[in-house]
Amino acid sequence: MRILLVEDNEMNRDMLSRRLQKKGYDVTMAVDGRQGVEMAKSGGYDLVLMDMSLPEIDGWEATRQLRAVPETRNLPIIGLTAHAMAGDREKALEAGCNDYDTKPVELPRLLAKIEALLSPPK
Amino acid sequence: MPKRSSPRARRQAALLRLTTAIASATDETDVYRSMVEGLHDEALGYNFLGAFLLEERSGDRVLQASVGWPDVPPHYRAPRGQGLSERALEDGQLHYTPDVTRAVGYLPSPARGSEVDVPLRVDGRVIGVLVVESPERNAFGAEDFEILTAAANQASIAIGRARLLAEERRRVDEHKALLDTMADLSSDLELPRVLQAVLNRAVTLLGVTGGEVAIYDEETEQLAVAASQNIGKDSTGTRLALGEGAMGHVARTREPLIIPSYHEWLGRSGQYADVTVHSVMAAPLLIGRRLVGAIASVHSDPNRIFGSEDLRLLTMFAPQAAIAIENARLYTASRRQKQYFEELVSNSPVAIVTLDTNHDVVSCNPAFETLFGYSQVEATGRNLDDLVTTAATRSEAIQYTQQGLERPIHGIGRRRRKDGTLVDVELLAVPVIVDGERVGLMGLYHDISELLEARRGAEAASSAKSQFLASMSHELRTPLNAIIGYSEMVQEEVEDLGQPQLVSDLTKIQTAGRHLLALINDILDLSKIEAGRMELYLETFELGTLVEEVATTVRPLVKKNANQLVVELPQRPGTMHADLTKVRQMLLNLLSNACKFTERGTITLTVRRQRDDVLLAVRDTGVGMTAKQMERLFEAFAQAEASTTSKYGGTGLGLAITKRFSHMMGGDVTVMSEPGMGSTFTVRLPGKVA
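For the record, the sequence lines run as chains A and B. The opening position of the first sequence corresponds to residue 0 in numbering that gives the first Met the number 0, with each subsequent residue numbered one higher. The opening position of the second sequence corresponds to residue 0 in numbering that gives the first Met the number 0, with each subsequent residue numbered one higher.
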């Protein structure tokens with residue numbers, strides 16, 4: 000399973016990627032929204048973990064752009080924000096995220112959300 | 000059976016009746032009537048007679064009363080220069096015409112015989128004539144002249160008195176009218192003058208030697224003589240106790256009094272030992288039943304005594320004096336009150352202006368001059384809205400002014416000074432209603448420029464603070480995420496490597512980190528709420544689903560202190576329309592509090608509907624709180640005791656946030672608790688938040 004992690008903060012990127020890799024995922028990283036969109040469109044990913052506060056293009060805009068083109072229209076995206084502010088979840092879902100979680104991640108919870116999106120609908 | 004009496008006796012009885020009738024006549028017309036009717040007595044035998052009054056303006060004689068002249072109209076005029084009775088008017092003498100048919104200038108009359116004309120005089124002036132006719136010639140003799148002259152003289156005296164009385168009554172009425180409209184005319188200084196005038200007239204009309212008027216002072220319970228005339232000394236200023244002297248006596252009894260022989264009277268005052276009065280008549284001055292003074296008149300002539308008629312006259316003057324005193328008192332009181340209010344207005348730091356119904360300035364106080372820069376003179380008569388508004392505020396100001404004429408209004412606005420600068424004011428306008436009539440309005444302006452400036456400063460500072468907190472929280476969170484994340488990672492590694500002694504230390508780092516993160520998040524929430532940047536995201540959700548989710552989330556916390564969670568839901572919880580995230584956060588806050596402060600107890604989450612509201616209650620069986628602990632419960636960083644934070648953990652912000660969230664959604668949160676009896680927190684929210 001290939002996950003694209005879009006995260007500008009180096010430590011967060013390092014930490015999350017290592018923990019996911021330990022759980023057996025193939026993790027590729029992008030450092031801002033624009034790069035994230037380009038890489039996602041180039042294809043080959045099963046899921047995107049999208050930080051919402053990003054330079055260049057923020058996570059909401061990046062999600063909207065991915066939803067606007069056929070090749071990524073149905074790509075599962077999980078939005079991540081630093082704080083579960085009221086409205087963040089709604090905003091993320093509105094932009095087109097399939098799900099949403101807060102940072103710092105609680106790994107079991109995030110893994111459950113990832114698994115739910117990756118297992119084919121019955 | 001009455002005894003048959005002699006003609007002479009009957010004549011005398013008739014004359015006595017005549018005298019009595021004249022004396023008791025109440026006014027001038029009555030005197031004429033009494034005279035002619037009294038003379039037209041069977042015993043006297045005068046059958047054709049009339050009383051004429053000389054009309055000064057025309058010189059005509061105008062008939063006032065008559066007997067035996069059925070064809071003569073009531074106010075018949077005998078033209079000047081005609082008729083026999085003219086002569087009596089000219090020379091003031093009695094004239095007898097034994098045969099009218101031979102007399103020159105005779106005006107035809109039914110009784111064509113003889114005629115007697117008797118002049119009527121008042122104060123030495125001839126004012127009219129009594130005409131007595133007989134169909135027979137030579138009908139009258141000396142005895143008739145005597146009777147008729149006596150009757151005319153008595154009538155003259157009665158007329159004189161009636162005229163004086165009428166004059167006095169008119170004066171009483173005029174005086175009363177004058178005093179009723181006194182305010183600006185009357186004054187303290189005027190009162191002694193008014194009382195002196197009243198006293199002088201009373202003395203003249205009563206025909207007495209002199210008199211006094213005294214004012215009652217309620218505070219000292221004394222009478223003070225305010226006017227004095229001819230009592231043998233100037234008694235003005237003399238003070239009499241109640242019961243002292245004639246005036247003191249009537250002041251106490253509230254009844255008039257006649258003292259026939261003053262020097263023998265036991266009640267006389269030592270202060271009047273040196274006066275040489277013979278008899279005294281006094282009356283209290285009353286307004287209703289309230290004593291305001293006393294009036295007295297004196298005779299120094301031992302041959303004159305006071306009678307009931309004198310008393311009646313004196314009591315006629317009493318109201319004049321009483322009203323004068325009362326009005327002076329009212330005037331003084333109202334002037335004092337007026338001065339008092341004028342002082343208040345002129346010293347008021349608040350600008351005060353009064354307007355008429357056209358919105359023109361009637362008056363303004365010094366604070367108004369200071370605030371707007373217009374002097375009283377400049378402002379008076381000008382339209383207020385012209386004076387103090389700008390193009391931008393004019394319509395608003397006019398609206399305020401119009402409303403202010405109807406009812407009290409209160410507002411805040413910006414007004415223009417004379418020099419064109421603007422000033423922020425708080426304004427208050429109330430209608431001015433005098434005797435039920437709307438005469439204008441009173442406006443109050445309070446300069447709130449400084450206040451607004453301070454508020455703007457405070458708001459800017461508060462906003463800057465919130466901004467600072469928001470960005471600081473954000474900046475703090477990034478490194479904290481790393482701390483928490485890496486410690487978790489290391490913990491996983493360590494677990495895999497089998498080094499349990501490190502696990503507990505790493506757990507402590509994580510716990511502390513998560514607590515710090517929760518604190519930062521709560522601070523961020525609060526600062527957003529306070530900066531007004533917290534928004535509501537309203538959606539419709541199932542209450543049952545929410546409760547289930549929350550219960551699942553909180554279960555680990557419940558188990559920690561060996562508590563048990565009970566959820567009480569109505570059979571059909573239904574949906575609510577609100578900010579789901581915030582409602583969830585509120586419930587989690589209350590539940591985690593309950594878990595923290597309860598050990599081996601029960602925590603109950605109850606959902607109820609009450610009319611259009613949803614009630615979410617969290618009840619625990621924990622330590623509870625005292626009334627004092629509950630006071631500051633919902634304030635930020637106010638856990639019941641500072642020490643509780645270290646013992647129970649938590650940020651101390653959860654309840655503050657819960658309360659603010661509930662307010663944002665139009666609800667509230669309340670608490671009931673007793674030490675040792677647990678606590679119940681209840682959130683009430685509208686089922687459909689608008």
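Honestly, the hints are just simulated from the structure, not real lab data. Note that the coordinates shown come from a computational prediction; the quantities given were computed from them, not determined experimentally. For glycine and all other residues, C-beta sits at the position ideal for the given N, C-alpha and C. Take the hints with a grain of salt, since some may be wrong.
What the hints assert, rightly or not - Straight-line alpha carbon distances no greater than 30 Å define the calculated DSS-like cross-link-like pairs of lysine-lysine that follow:
id, chain 1, residue 1, chain 2, residue 2
1, A, Lys40, A, Lys22
2, A, Lys90, B, Lys464
3, A, Lys112, B, Lys559
4, A, Lys22, B, Lys627
5, A, Lys40, A, Lys90
6, A, Lys112, B, Lys627
7, A, Lys21, B, Lys337
8, A, Lys112, A, Lys40
9, A, Lys90, B, Lys687
10, B, Lys527, B, Lys464
11, B, Lys558, B, Lys507
12, A, Lys90, A, Lys112
13, B, Lys507, A, Lys112
14, A, Lys90, B, Lys527
15, A, Lys21, A, Lys112
16, B, Lys559, B, Lys464
What the hints assert, rightly or not - On the chain B side, residues computed to face chain A include the following (Cβ under 7 Å):
id, residue
17, Gly484
18, Tyr485
19, Ala530
20, Arg532
21, Tyr536
22, Thr539
As the list claims (entries may be wrong) - A few chain A positions that, by computed beta-carbon distances, are all more than 10 Å from chain B:
id, residue
23, Met10
24, Asp45
25, Asp57
26, Ala81
27, Arg88
Outcome of the hint check:
Straight-line distance between C-alpha atoms of Lys40 (chain A) and Lys22 (chain A) comes to about 25 Å, which keeps the hinted pair within the 30 Å bound. Straight-line distance between C-alpha atoms of Lys90 (chain A) and Lys464 (chain B) comes to about 26 Å, which keeps the hinted pair within the 30 Å bound. A C-alpha spacing of about 26 Å is found between Lys112 (chain A) and Lys559 (chain B), which places the hinted pair at or below 30 Å, so the restraint holds. With a C-alpha separation of about 53 Å, the suggested pairing of Lys22 (chain A) with Lys627 (chain B) is violated against the 30 Å cut-off.
For the given pair, Lys40 (chain A) sits about 22 Å from Lys90 (chain A) by alpha-carbon distance, which is consistent with the 30 Å threshold. Taken as a hint, the Lys112 (chain A) and Lys627 (chain B) pair is broken in the structure, with Cα atoms around 46 Å apart against an allowance of 30 Å. Taking the CA atoms of Lys21 (chain A) and Lys337 (chain B), the gap is about 93 Å. The hint is violated against a cut of 30 Å. Of the supplied pair hints, the one linking Lys112 (chain A) and Lys40 (chain A) holds, its CA atoms being roughly 22 Å apart against a limit of 30 Å.
Note on Lys90 (chain A) and Lys687 (chain B): the hinted pairing holds, with a Cα-Cα distance of about 22 Å set against a maximum of 30 Å. Among the hinted pairs, Lys527 (chain B) with Lys464 (chain B) is consistent with the structure: their alpha-carbon atoms are about 10 Å apart, no more than 30 Å. Restraint check for Lys558 (chain B) and Lys507 (chain B): satisfied, since their Cα atoms lie roughly 19 Å apart, inside the 30 Å limit. Simply put, Lys90 (chain A) and Lys112 (chain A) have alpha-carbon atoms about 18 Å apart, close enough for the 30 Å limit, and the pair holds.
In summary, the hint linking Lys507 (chain B) to Lys112 (chain A) is supported, as the alpha carbons are separated by about 27 Å, within the 30 Å threshold. The straight-line distance between the Cα atoms of Lys90 (chain A) and Lys527 (chain B) is roughly 17 Å, inside the 30 Å bound, and the hint therefore holds. As the CA atoms of Lys21 (chain A) and Lys112 (chain A) are separated by approximately 17 Å, the hinted pair is consistent with the 30 Å bound. Distance hint between Lys559 (chain B) and Lys464 (chain B) is unfulfilled; the C-alpha atoms sit about 37 Å from each other, more than 30 Å.
For Gly484 (chain B), the shortest C-beta to C-beta distance to chain A is roughly 4 Å, which falls under 7 Å, so the interface hint holds. The criterion of a C-beta within 7 Å of any C-beta in chain A is met by Tyr485 (chain B), whose closest approach is roughly 6 Å, and the hint holds. Because the closest C-beta pair between Ala530 (chain B) and chain A is about 13 Å apart, greater than 7 Å, the hint is violated. Hint on Arg532 (chain B) is violated. Least Cβ distance to chain A is approximately 10 Å, over the 7 Å limit.
Interface restraint check for Tyr536 (chain B): the shortest CB-CB distance to chain A comes to about 5 Å, inside 7 Å, so the restraint holds. Taken as an interface hint, Thr539 (chain B) does not check out: its beta carbon lies about 13 Å from the nearest beta carbon of chain A, beyond 7 Å. Consistency note on Met10 (chain A): stated as away from chain B, yet its beta-carbon is not over 10 Å from all of that chain's, at 4 Å minimum. No beta-carbon of chain B comes within 10 Å of the beta-carbon of Asp45 (chain A); the shortest separation is about 23 Å.
Every CB of chain B is more than 10 Å from the CB of Asp57 (chain A) (nearest about 14 Å), matching its label as outside the interface. The Cβ of Ala81 (chain A) does not lie farther than 10 Å from every Cβ of chain B; its closest approach is about 5 Å, which violates its non-interface assignment. Its beta-carbon lying about 6 Å from the closest one in chain B, Arg88 (chain A) breaks the requirement of being farther than 10 Å from that chain.
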